[in-house]
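Respectively, the protein sequence lines represent chains L and A. Going by my numbering, the first sequence opens with residue 30, and the numbers climb by one from there. Going by my numbering, the second sequence opens with residue 5, and the numbers climb by one from there.
No lab work stands behind these hints, which were simulated from the structure alone.
Computed spacing ranges between beta-carbons, pair by pair:
{"no.": "1", "chain 1": "L", "residue 1": "Ser-96", "chain 2": "A", "residue 2": "Leu-256", "range": "26 to 36 Å"}
{"no.": "2", "chain 1": "L", "residue 1": "Ser-96", "chain 2": "A", "residue 2": "Trp-85", "range": "51 to 61 Å"}
{"no.": "3", "chain 1": "L", "residue 1": "Glu-148", "chain 2": "A", "residue 2": "Leu-193", "range": "36 to 46 Å"}
{"no.": "4", "chain 1": "L", "residue 1": "Asn-169", "chain 2": "A", "residue 2": "Phe-327", "range": "36 to 46 Å"}
{"no.": "5", "chain 1": "L", "residue 1": "Asp-106", "chain 2": "A", "residue 2": "Leu-256", "range": "27 to 37 Å"}
{"no.": "6", "chain 1": "A", "residue 1": "Leu-256", "chain 2": "L", "residue 2": "Asp-179", "range": "15 to 25 Å"}
{"no.": "7", "chain 1": "L", "residue 1": "Asp-106", "chain 2": "A", "residue 2": "Thr-251", "range": "25 to 35 Å"}
{"no.": "8", "chain 1": "L", "residue 1": "Ala-152", "chain 2": "A", "residue 2": "Trp-85", "range": "45 to 55 Å"}
{"no.": "9", "chain 1": "A", "residue 1": "Asp-241", "chain 2": "L", "residue 2": "Asn-157", "range": "41 to 51 Å"}
{"no.": "10", "chain 1": "A", "residue 1": "Ser-284", "chain 2": "L", "residue 2": "Asn-157", "range": "53 to 63 Å"}
{"no.": "11", "chain 1": "L", "residue 1": "Ala-152", "chain 2": "A", "residue 2": "Trp-253", "range": "29 to 39 Å"}
{"no.": "12", "chain 1": "L", "residue 1": "Ser-146", "chain 2": "A", "residue 2": "Ser-262", "range": "42 to 52 Å"}
Note that the Cβ used here is the ideal one computed from N, Cα and C, for glycine as well.
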Amino acid sequence: MKASSLGLVLIVAAFLSCGTSAAQESESGRPATFVLIVNKTNPTVSLGRSRVVGLFLKKSSEWDDGSPARPVDQAKDSLLREAFSKDILHKSVAAVNSYWQQQIFSGRAVPLPELASDEEVLAHVRLNPGAIGYVSGDANVSAVKVIGVDE
Amino acid sequence: MKVNTSFAEHALERENVGPKERVIMSNLQKCTALFVLVAMCSSSLAGETGEVVIHGTGSWAVGNSDQYEYLQGGGEGSNQWQNIDFMLNLSSHPYENLRIGAQLWYEIESEETEVALEVAFAEWAFSEVHHLRAGLSRVPFGIYADIFDIGTLRPFYSLPQSVYGSNGMIPEGYAGIGLWGQLGDGWHLVYDLYVGGMKTRDMDMYMMFIDADSGAAPADGDEGGMAEMSRDRFLDDVVGGHIQISTPWDGLSFGLSSYVGKPRAEEDPGEGESEDPIWSDQEVYGVQLEYMSDALLLRTEYIMADKNNGSINAFYIELAHRFLEHWQLAGRFESIELDPDLEIDADALSLLDHEEYVIGINYWLNPGAVVKLAFHSISGNLLTHPEGGEIREVVEAGNLDNSTRLLNLGVQFSF
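With the hints as extra help, turn the sequences into a complete structure.
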């Protein structure tokens, strides 16, 4: 195969693979509400919105006591993530995606780990003292701590 | 679009390595490519300690320029289809505070294929305020220099050439040591400091038309002379810095950039050739302003450079608006003006300027894939001019046309 043909095949394959991710949709049709959760050992009661933005965009990576923060995100195509991006980050999921591309290719950071469901986020936050995540408003949060967001 | 050649090649040229070492380097690049592909098939993409994170970007375009060659257009109205590039970005945290990054570049342009390792660094995070990096890194300068090749992060297929083109001002990378960090939540500051070496590409065609009364000899106008006018130049002992400040108003940020470096004199000039004159330091300064919301994008930059052979002022402003979910309308004006220390023949003065208006429409399939159509109207011959040995003949005959139009259609993606 000629180099140019190989290059074109690579481009087309990657382009098509980018397109398929957009076709996935959440099956839930109802409006998504979320709560912010941390590990039960975390003394935080509430955070300012800009502080939450800082943690979820990796602009800051530590809690106030200097311990490392470990935020996790929901899946790209979830309605919960869409609601969180809009209400807290004040950006669309697409804009957040652009932000991460900028971070990745400039060599500064990689995106947050994405977990596929509320259950996975709850398990991660329960097991990691520095963790922070968000789950549906009706999720069982008895094993973690719900914190508020101040404007 | 790729203006400078690979930085790995830069390193090879610096060390004057022989063909054997080049073969080794070539094999190393192939091994890296293989490793990346294997990693793509096997790794999870979570970004946790010990895992390898793979991302990539690519572009393809067809262009047609009516007069001279420019960007994807081959000139004289011919369609140029061979504009393909692909880049893989590899990042890993072997330990909590240690990060390794690499970027592998593959490009086909006008029948020429190039594979290069463009970025390869190791970084230690002392805290979020202090990250120390060593190796080959993107240059933190202005808005686009550290995301040079990422088409999905800009409204047009190509970057504004007045600022990011072959004008010897903004290189793609540096080899050396850098320190960067960030602080603040509402007002957020990102800073970069770096020292090392750089390679820029100059295209000083006007040097062939130095006025004889100025006392300096014009360069040859043959093929060799052309190559001399368009060549890579190395800067040593570079010291640079960049700050970007994001404001509490979502999407609004501004920044400053600068570097100073010593141009390297030509080594071992051939018999009968003169050595380069003593070169003064090259100083480049830039300011940037950006506003970005879900629908609106505004970016503008002004760059000024004080180089060995004169000064440069360059500017662009671009505006883009998203509508109907998938569509985006974009416009850009850009300008660059050279002010050389030497007098230039009156017939060749247009080789000192470039002005460009661009309008474009984009269709975003999703945030990571876009189809772009753009029309460029260029005046001035700094970046668009006859190729090969024709330029002297054309200028002396008074036939240098200072306008070129380009139409290009391309796709760009990233993941």
